[in-house]
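Protein sequences, first through last, are from chains A and B.
Residue numbers 1 to 234, in our numbering, belong to the letters of the first sequence in order.
Residue numbers 235 to 612, in our numbering, belong to the letters of the second sequence in order.
Hint data in this document are derived by calculation from the structure and do not stem from the laboratory.
Just so it is clear, the structure is predicted and the values come from calculations on it, not from any experiment.
The beta-carbon is built from N, C-alpha and C at its ideal position, and this holds for glycine as well.
Heads up, some of the hints might be wrong.
A few chain A positions that, by computed beta-carbon distances, are all more than 12 Å from chain B [as the list claims (entries may be wrong)]:
| hint | residue |
| --- | --- |
| 1 | 121 |
| 2 | 170 |
| 3 | 193 |
| 4 | 206 |
In silico DSS-like pairs for lysine-lysine, Cα to Cα no more than 27 Å straight-line [claimed, not checked]:
| hint | chain 1 | residue 1 | chain 2 | residue 2 |
| --- | --- | --- | --- | --- |
| 5 | A | 145 | B | 244 |
| 6 | A | 115 | B | 461 |
| 7 | A | 7 | B | 529 |
| 8 | B | 291 | B | 461 |
| 9 | B | 244 | A | 136 |
| 10 | B | 365 | B | 409 |
| 11 | B | 244 | A | 116 |
| 12 | B | 529 | A | 71 |
| 13 | A | 182 | A | 145 |
| 14 | A | 115 | B | 291 |
Label-pair ranges, simulated between beta-carbon atoms [to be verified]:
| hint | chain 1 | residue 1 | chain 2 | residue 2 | range |
| --- | --- | --- | --- | --- | --- |
| 15 | A | 118 | B | 602 | 23 to 31 Å |
| 16 | B | 496 | A | 63 | 54 to 62 Å |
| 17 | A | 22 | B | 602 | 38 to 46 Å |
| 18 | B | 250 | A | 80 | 56 to 64 Å |
| 19 | A | 207 | B | 514 | 34 to 42 Å |
| 20 | A | 224 | B | 503 | 16 to 24 Å |
| 21 | B | 251 | A | 140 | 16 to 24 Å |
| 22 | A | 45 | B | 602 | 53 to 61 Å |
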Amino acid sequence: MGNAAIKANGLIKWFGQGETKTTAVKNASFEADFGELLYIVGPSGSGKTTLLSMISGILKPNEGSVLVEGKDIWQMKSDDIADLRLHKIGFVFQDYHLFPRLTTVENVAIPLILKKMQWNEAIRVALEYLDIVGLKDRAQLPPVKLSGGEQQRVAIARAIAGQPDILIFDEPTASLDGDTGKKIVEFIKTKILNPDRCVIIVTHDNRIYEYADAIMKMEDGKITDFERNTQQDA
Amino acid sequence: MSGILKIALKLLVNDRSKFIALLVGITFAVFLMIMMMSMFSGILARSSASVYNIGAKIWVMDPAVNNATSSIPMPDYVLSKTRSIDGVKYAVPIYFGNALVKLKSGAYQAVSVIGLDDATLYGRPELIEGKIEDIYAESAFFVVKDAEFKKLENPVIGTEFEINDHRGLVVGLAKVATGGLFGIPTVYTTYNRAITYIPSMRFTTSYILIEPKSEADIPFIQQQVKKLGYQALTRDQFVGKISDFYTYQTGMGMNVLMMTAISFIVGLSISGQTFYTFILENMERFGALKAIGAKGHELVTMILFQASFTALLGYGIGVGLASGLMILAKLRLPSYAAQVTYFNLTFAFFMVLIMAGVSSYIGVRKVLQIQPFDIFRG
Numbered sequence: 001m002g003n004a005a006i007k008a009n010g011l012i013k014w015f016g017q018g019e020t021k022t023t024a025v026k027n028a029s030f031e032a033d034f035g036e037l038l039y040i041v042g043p044s045g046s047g048k049t050t051l052l053s054m055i056s057g058i059l060k061p062n063e064g065s066v067l068v069e070g071k072d073i074w075q076m077k078s079d080d081i082a083d084l085r086l087h088k089i090g091f092v093f094q095d096y097h098l099f100p101r102l103t104t105v106e107n108v109a110i111p112l113i114l115k116k117m118q119w120n121e122a123i124r125v126a127l128e129y130l131d132i133v134g135l136k137d138r139a140q141l142p143p144v145k146l147s148g149g150e151q152q153r154v155a156i157a158r159a160i161a162g163q164p165d166i167l168i169f170d171e172p173t174a175s176l177d178g179d180t181g182k183k184i185v186e187f188i189k190t191k192i193l194n195p196d197r198c199v200i201i202v203t204h205d206n207r208i209y210e211y212a213d214a215i216m217k218m219e220d221g222k223i224t225d226f227e228r229n230t231q232q233d234a
Numbered sequence: 235m236s237g238i239l240k241i242a243l244k245l246l247v248n249d250r251s252k253f254i255a256l257l258v259g260i261t262f263a264v265f266l267m268i269m270m271m272s273m274f275s276g277i278l279a280r281s282s283a284s285v286y287n288i289g290a291k292i293w294v295m296d297p298a299v300n301n302a303t304s305s306i307p308m309p310d311y312v313l314s315k316t317r318s319i320d321g322v323k324y325a326v327p328i329y330f331g332n333a334l335v336k337l338k339s340g341a342y343q344a345v346s347v348i349g350l351d352d353a354t355l356y357g358r359p360e361l362i363e364g365k366i367e368d369i370y371a372e373s374a375f376f377v378v379k380d381a382e383f384k385k386l387e388n389p390v391i392g393t394e395f396e397i398n399d400h401r402g403l404v405v406g407l408a409k410v411a412t413g414g415l416f417g418i419p420t421v422y423t424t425y426n427r428a429i430t431y432i433p434s435m436r437f438t439t440s441y442i443l444i445e446p447k448s449e450a451d452i453p454f455i456q457q458q459v460k461k462l463g464y465q466a467l468t469r470d471q472f473v474g475k476i477s478d479f480y481t482y483q484t485g486m487g488m489n490v491l492m493m494t495a496i497s498f499i500v501g502l503s504i505s506g507q508t509f510y511t512f513i514l515e516n517m518e519r520f521g522a523l524k525a526i527g528a529k530g531h532e533l534v535t536m537i538l539f540q541a542s543f544t545a546l547l548g549y550g551i552g553v554g555l556a557s558g559l560m561i562l563a564k565l566r567l568p569s570y571a572a573q574v575t576y577f578n579l580t581f582a583f584f585m586v587l588i589m590a591g592v593s594s595y596i597g598v599r600k601v602l603q604i605q606p607f608d609i610f611r612g
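With the rest of the complex left out, here is chain A (with noise of 0.2 Å):
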């Protein structure tokens, strides 16, 4: 550990103005280190997702730096941005975001193909993602011909099809039954997560914490806890 993947400092946002101005995230500091699987966890409008989405080079904070990498990614401009989130992280929506008009393995290849990477060899590369989660036979079927667990698998493929650094998930069980739910984070946790990755998992699902390496809990915008499990560290 120690090794920083993001860096975190004094984070705050807000939206709206005036009377409407509303705090979401308030000065929140930490730091998800390579080969860790960090939670982040709290009630609904604790300001999880803002937060996710401020590290992650999506939403600017008001004030604050996010370091990725030793990088300061607010720092740059929006092109470079969108270059870190193409090669640097991975991302998996709450609803997965995957394109019905397209198969499978070519919802897979869309990181690829916008590395600029020739088609043909974009889709070879996917299906080897694709068989990684199990997912191979079902190459040529659109995203709505499978099941809620499948497409989730198949928003991991998507995910790590263009290897990058840091994944981020957000509330990746809550639209699973719980074997499902907890299945899919074992698959994270074992086949995944390694010593050059880390993962950051956005969920209220307490079924799954034992998977966890690090959980930080929010509240009403603040961290008010950060706990690493020190046991499975060592």
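With the hints as your guide, set chain B onto chain A.
What follows is chain B alone, placed relative to chain A:
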């Protein structure tokens, strides 16, 4: 094709209902625009048929003449004066008129009569049967074998008819480049026979056809004719004058313009609305692409490609359908007046580009507004 464009294409084409609705909208608009403009072009070309078929370089006429069939006869001195203008190689009179012929069956049929200068037969049509010198035979006429030919009961050389109680004899069959506008057969005879057979006003010269010594002489000739109180127009100027008459003074041009505008608006409404719905339904996906790392200009490229692809495909199908229908119509109705011109194609293409541009603009605005953060918020 680059990968991002391939994704854009698949997103578009695989959404079949929207893609078909988009295509139908653009195809329908292009089809209507091409049909309307082609019919109008065909009518304009037919209205100038005589001018093209006679082929003279300069036409002298009364300034009030606004189309070839409504000539205002000129006195003979105009011909003499014209012949004496420097730069005129030769000048000949031509007669344009209409008459009723009584056919062998006893039926009457209106015909257009062109009387060619007796000495030179300048402006004569190309014969497909018969000999040119036979025009000098007694009561001789050439009949133009065009779409209206059968209205004269398919005459052959030797067929007789009556024209204003005079005997008429078919001595040749001719072909011309362009058929007339009014759906009546055309016959040629000599100038003197024409003015003898057909009741005329005091003056008989419909037009004077001039062959200049050189192209450079044309402005001077026009100037001198103007001094006589008449107008000398080149072939293209005369065609332009006729086109202007039909376009601006008959209401046809305005009707065609309105129909074309309506077609455009209908096409724009359908394609714009459908494309907008398509973009709205894919907003989350575009947002997801942004979150993954797609840049704004890449999303704009995708949308422009989708709009252009649909527009060009719709344009091609629309032009193909319109052309196919015109070919079918001409097979059934040989006198059907419609022609696809480069102007029509270019105009319709320009209109389709506007449709694609407007549709893209709406889409691009929406897509650039979406923030990846909205995707996280759900």
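Against the structure, the hints:
Distance check for residue 121 of chain A against chain B: the nearest CB is about 9 Å away, which does not clear 12 Å, and the non-interface claim fails. Distance to chain B contradicts residue 170 of chain A as a non-interface residue, since its nearest Cβ pair spans about 6 Å, not more than 12 Å. In this structure residue 193 of chain A is separated from chain B by more than 12 Å, as the shortest Cβ-Cβ distance comes to about 20 Å. The Cβ of residue 206 of chain A sits about 21 Å from the closest Cβ of chain B, beyond the 12 Å cut-off, so the non-interface label holds.
Simply put, residue 145 of chain A and residue 244 of chain B have alpha-carbon atoms about 18 Å apart, close enough for the 27 Å limit, and the pair holds. Between residue 115 of chain A and residue 461 of chain B the alpha-carbon distance is near 76 Å, which puts this suggested pair outside the 27 Å criterion. The suggested pairing of residue 7 of chain A with residue 529 of chain B holds, with an alpha-carbon distance near 25 Å, which does not exceed 27 Å. Restraint check: the Cα-Cα separation between residue 291 of chain B and residue 461 of chain B comes to about 20 Å, which is no more than 27 Å; the hinted pair holds.
Among the hinted pairs, residue 244 of chain B with residue 136 of chain A is consistent with the structure: their alpha-carbon atoms are about 21 Å apart, no more than 27 Å. A hinted pair counts as satisfied when its Cα atoms are at most 27 Å apart, and residue 365 of chain B with residue 409 of chain B qualifies at roughly 13 Å. Of the pairs offered as hints, the one joining residue 244 of chain B and residue 116 of chain A holds, with about 17 Å between alpha carbons and a cut-off of 27 Å not exceeded. Restraint check for residue 529 of chain B and residue 71 of chain A: the C-alpha separation of about 20 Å stays at or below 27 Å, so the hint holds.
Distance hint between residue 182 of chain A and residue 145 of chain A is fulfilled; the C-alpha atoms sit about 22 Å from each other, no more than 27 Å. A distance of roughly 65 Å separates the Cα atoms of residue 115 of chain A and residue 291 of chain B; the hinted pair therefore is violated under the 27 Å criterion. Distance hint check for residue 118 of chain A and residue 602 of chain B: the Cβ-Cβ separation is about 28 Å, which falls inside the suggested range of 23 to 31 Å. Here the CB-CB span from residue 496 of chain B to residue 63 of chain A is close to 57 Å, well matched to the stated 54 to 62 Å.
The given range of 38 to 46 Å is broken by residue 22 of chain A and residue 602 of chain B, whose C-beta atoms sit roughly 26 Å from each other. A hinted range of 56 to 64 Å is violated for the C-beta pair residue 250 of chain B and residue 80 of chain A, which are about 38 Å apart. Checking the proposed 34 to 42 Å range against residue 207 of chain A and residue 514 of chain B shows it holds: the Cβ atoms sit about 36 Å from each other. With their beta carbons about 55 Å apart, residue 224 of chain A and residue 503 of chain B fall outside the hinted range of 16 to 24 Å.
Taking 16 to 24 Å as the suggested C-beta distance range, the pair residue 251 of chain B and residue 140 of chain A conforms, at roughly 22 Å. Our hint of 53 to 61 Å for residue 45 of chain A and residue 602 of chain B is violated, since their Cβ atoms are close to 29 Å apart.
The structure fails to meet hints 1, 2, 6, 14, 17, 18, 20 and 22 from the earlier list, while all remaining hints are met.
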